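Student: As a plain string of letters, each chain reads:
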Amino acid sequence: AQTVTQSQPEMSVQEAETVTLSCTYDTSENNYYLFWYKQPPSRQMILVIRQEAYKQQNATENRFSVNFQKAAKSFSLKISDSQLGDTAMYFCAFMKPQETSGSRLTFGEGTQLTVNP
Amino acid sequence: DAGVIQSPRHEVTEMGQEVTLRCKPISGHDYLFWYRQTMMRGLELLIYFNNNVPIDDSGMPEDRFSAKMPNASFSTLKIQPSEPRDSAVYFCASSLDRFTDTQYFGPGTRLTVL
Numbered sequence: 001a002q003t004v005t006q007s008q009p010e011m012s013v014q015e016a017e018t019v020t021l022s023c024t025y026d027t028s029e030n031n032y033y034l035f036w037y038k039q040p041p042s043r044q045m046i047l048v049i050r051q052e053a054y055k056q057q058n059a060t061e062n063r064f065s066v067n068f069q070k071a072a073k074s075f076s077l078k079i080s081d082s083q084l085g086d087t088a089m090y091f092c093a094f095m096k097p098q099e100t101s102g103s104r105l106t107f108g109e110g111t112q113l114t115v116n117p
Numbered sequence: 001d002a003g004v005i006q007s008p009r010h011e012v013t014e015m016g017q018e019v020t021l022r023c024k025p026i027s028g029h030d031y032l033f034w035y036r037q038t039m040m041r042g043l044e045l046l047i048y049f050n051n052n053v054p055i056d057d058s059g060m061p062e063d064r065f066s067a068k069m070p071n072a073s074f075s076t077l078k079i080q081p082s083e084p085r086d087s088a089v090y091f092c093a094s095s096l097d098r099f100t101d102t103q104y105f106g107p108g109t110r111l112t113v114l
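From first to last, the protein sequence lines are chains A and B.
Just so it is clear: in the first sequence, position 32 is 32 by this note's numbering, and no numbers are missing.
Just so it is clear: in the second sequence, position 85 is 85 by this note's numbering, and no numbers are missing.
Restraint-style ranges between C-beta atoms, simulated for each label pair:
| id | chain 1 | residue 1 | chain 2 | residue 2 | range |
| --- | --- | --- | --- | --- | --- |
| 1 | A | Tyr54 | B | Asp97 | 17 to 25 Å |
| 2 | A | Ile46 | B | Met40 | 21 to 29 Å |
| 3 | B | Glu44 | A | Glu17 | 29 to 37 Å |
| 4 | B | Ser66 | A | Gln57 | 40 to 48 Å |
| 5 | A | Thr114 | B | Met40 | 21 to 29 Å |
If you're looking for bench data, these hints aren't it; they were derived computationally from the structure.
Here the structure is a predicted model, which means the values were calculated and not measured.
Ideal Cβ placement from N, Cα and C applies to all residues, glycine included.
Model the full assembly from the supplied sequences, consistent with the hints where possible.
Tutor: Following this line, the structure appears as structure tokens:
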């Protein structure tokens, strides 16, 4: 079974600065997807970024980028120019695509990020 | 697109009562997932459907929980009878197909069982 670990329960950053959230995972699979989801106080789960394991290039979405280290099974999220609206719980998630059925997401415990003015 | 729609957003009920949570997936999505989020256990997958057919219900905690998907645009998660330990936020998510795989979540239903 796959496991996802986020070792930082809480983090804080000053507005406009950069912060990196850590995530490690354990799997014997070679083909899989990794995700970062954001859950603000509204509780909505919002997709932040997605990475396919077969791609060497790190995914980026505006101020959000990842550092994907496949051999180390590490998938960190970097938020540049942090904004107050980035305050949220961030979840790292793993998915192994299934050939004939849907794919299950395995979530980490989450990291609560607070952006301070 | 309206995104995944869930109702109600909040539900407060008394122990022993039946609770029904509702979900409308994104139009055209073939997969629908039900998750539960608690402080103790985090996010757990309860069950998921492919083309209205339940594929994996191994996450359903007890027989008190049941889920149906009578058509492509509607699913229910029912708890009967409810217990205080069922208090949680329940999320519905949908994804387009097994090739795309990205799951899009609804706003969740916060359930409180007194």
